[in-house]
Amino acid sequence: MTESSIPCEQAFILSQEDFDRFARLSGDHNPIHVDPEFSARTSFGRTVSHGMLLFSVVRSLLAQSWPRSVLKSQSLMFPAPAYAGDTLELVIEETGREGRTLTLTTTITRPDGETCLAGQCELQLSEEEV
Amino acid sequence: MSLDRFDALKEGLSASTRRVFASEDLQEWCDLCQLDQTWQGVPEPLIAGLFSYLLGEELPGHGTNYLKQAMAFHATAEAGETLTASVTISRLRRDKALANLKTVCTGHDGRLICDGEALVLFQH
Chain A
1 MTESSIPCEQ AFILSQEDFD RFARLSGDHN PIHVDPEFSA RTSFGRTVSH GMLLFSVVRS
61 LLAQSWPRSV LKSQSLMFPA PAYAGDTLEL VIEETGREGR TLTLTTTITR PDGETCLAGQ
121 CELQLSEEEV
Chain B
1 MSLDRFDALK EGLSASTRRV FASEDLQEWC DLCQLDQTWQ GVPEPLIAGL FSYLLGEELP
61 GHGTNYLKQA MAFHATAEAG ETLTASVTIS RLRRDKALAN LKTVCTGHDG RLICDGEALV
121 LFQH
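Top to bottom, those sequences are chains A and B.
Counting from 1, one number per residue, gives the positions in the first sequence under full-length UniProt numbering.
Counting from 1, one number per residue, gives the positions in the second sequence under full-length UniProt numbering.
Treat the hints loosely; a few may be bogus.
[What the hints assert, rightly or not] Derived lysine-lysine pairs resembling DSBU-like cross-links, with alpha carbons at most 30 Å apart:
1. K68/B to K96/B
2. K72/A to K102/B
3. K68/B to K72/A
4. K10/B to K102/B
5. K10/B to K96/B
6. K68/B to K10/B
Derived by calculation from the structure, the hints in this document are not laboratory data.
Given the sequences, and given the hints that come with them, work out the whole structure.
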């Protein structure tokens, strides 16, 4: 039996300013991310985070935890939208380890328990990190 | 619910974009993530953001509901390098209004940086 462990977790809050900055960086200015008035008239009711801004939070926690590792693969699902101002919880769990390759699940949950990001990744660790 | 726009999609349809990330962009990404370490090459979320941009703005375009993205990273994308990202429709499921797309990013010399697949819901 293999037990999963939780190497790292982080609570964070994204702001509309963060959405705007990621829009400028990515070139994705879709109004659902950057226009509160437009978004108020959609089924979401307010602006939502870019999925890849959520991935950015995941990627930076991976980098902080394993600074010399290389990201080999990442899968992402975005079941529910993430809103500005909410406290979001990122949890990274180890599910497998083979040689220098670490398999992790990455999950971001919002205050009502809905999942905003569910993913899996493979990190190749450096010699010192194994 | 209308499938008029879905029905305009065809397997094999493709959209692409070119982008250069300057070292200032990489620093801005680190600042946004509150990371105080220097980053080697273009962070993967900015590569992924090229696919996200193409899906949301070009193919299928506005109204796309991004469900899944899988990516394998093969080489580092360098700051200042012209990157080409493309999305190509590989499978359409009209009954569920779902589209699968191959997603590829290559470097200025054609080397493969990232490949993978996206799944989107496209209905109105």
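Here is what the structure says about each hint:
The straight-line distance between the Cα atoms of K68/B and K96/B is roughly 15 Å, inside the 30 Å bound, and the hint therefore holds. Restraint check for K72/A and K102/B: the C-alpha separation of about 18 Å stays at or below 30 Å, so the hint holds. Note on K68/B and K72/A: the hinted pairing holds, with a Cα-Cα distance of about 17 Å set against a maximum of 30 Å. Proximity of K10/B to K102/B is assessed by CA-CA distance (about 13 Å); at most 30 Å being required, the pair is judged to hold.
Straight-line distance between C-alpha atoms of K10/B and K96/B comes to about 15 Å, which keeps the hinted pair within the 30 Å bound. For the hint linking K68/B to K10/B, the alpha-carbon distance of about 20 Å falls within 30 Å, and the restraint holds.
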